[in-house]
Amino acid sequence: KQEVTQIPAALSVPEGENLVLNCSFTDSAIYNLQWFRQDPGKGLTSLLLIQSSQREQTSGRLNASLDKSSGRSTLYIAASQPGDSATYLCAVRRDNYGQNFVFGPGTRLSVLP
Amino acid sequence: DAGVTQSPTHLIKTRGQQVTLRCSPKSGHDTVSWYQQALGQGPQFIFQYYEEEERQRGNFPDRFSGHQFPNYSSELNVNALLLGDSALYLCASSHFLDSYNEQFFGPGTRLTVL
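Residue numbers (our numbering), protein chains in the order written: chain A, 1 to 113; chain B, 1001 to 1114.
Incorrect hints may appear among the rest.
Stated by the list, open to error - With a Cα cut of at most 27 Å, we get these calculated DSSO-like pairs of lysine-lysine:
hint, chain 1, residue 1, chain 2, residue 2
1, A, 42, B, 1026
2, A, 42, B, 1013
3, A, 68, A, 1
Treat the hints as calculated values from the structure; they're not laboratory data.
One chain only, chain B, in its complex shape:
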């Protein structure tokens, strides 16, 4: 049973560019959340997708957008990249109706903005 997978592993972009990160949830899960983790800090919630809709959103600008596909996989898009967007981007999945709603995280995508 594959866990949460993310691609790519590493990415280097320059300021002003756009980037797309991808996530496939754990088998049986239908909800995907995205987090940004700056160096030395805990992850910060970006947004959550369920039934192909954004359900909750953290304090991130509109430059951060996402999508969920019918197979529950998800993309995170960031436009007009800033140096401060350099971080580890983590995807987490769970089953929306699971009362415990335990989150399982992927290995992350390390984004470097030059």
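Isolated chain A (complex conformation):
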């Protein structure tokens, strides 16, 4: 059974700092991995999707890497801003035909002005 963990559970940093969020999964047989952002009480916003054959994806100040063999992904946020404050969730999917994402519990990020 796939299990996804995220470290740290919460993080508080001053504005402008670069930071790394970690995601680990127990079963390396994944199809893809997706990083999401969630503002309090709101739905999920997709940030980056990495296919199992890819090593990383970039979008603006965000860079996500994937090491499938070790069961790890990292989300790197450059030059953090107060608007980046949110919960960041990673989710892994087993195959192409299902929507059966397994989510981690999330990392709650606070960027202080």
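Add chain B to chain A, keeping to what the hints say.
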């Protein structure tokens, strides 16, 4: 282009009642999945609908049921509500044959069971 929409935004029910939540997928999408997110936790997969049939199901009891309509919109029904059903219910849509199969989520319905 409208994204995924869900209704209602908030709902308050009492134990034992039944509830129906609704979801309209993003334009061009044909697959809808439902998730339950308890406070402070990641979303848990409930089930997925494609071509008006339930294709996959997570570890949820039969009290949770769904439906998909010909226009790809979907409903989630929960019978005999329990206090533990209080959660944010999220709907996600995608295109079944899209090789990337990226999921797009709606804003959620906050269900409170008293």
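Does the structure break any of the earlier hints, and which numbers would those be? Checked against the structure, no hint fails, so every one of them is satisfied.
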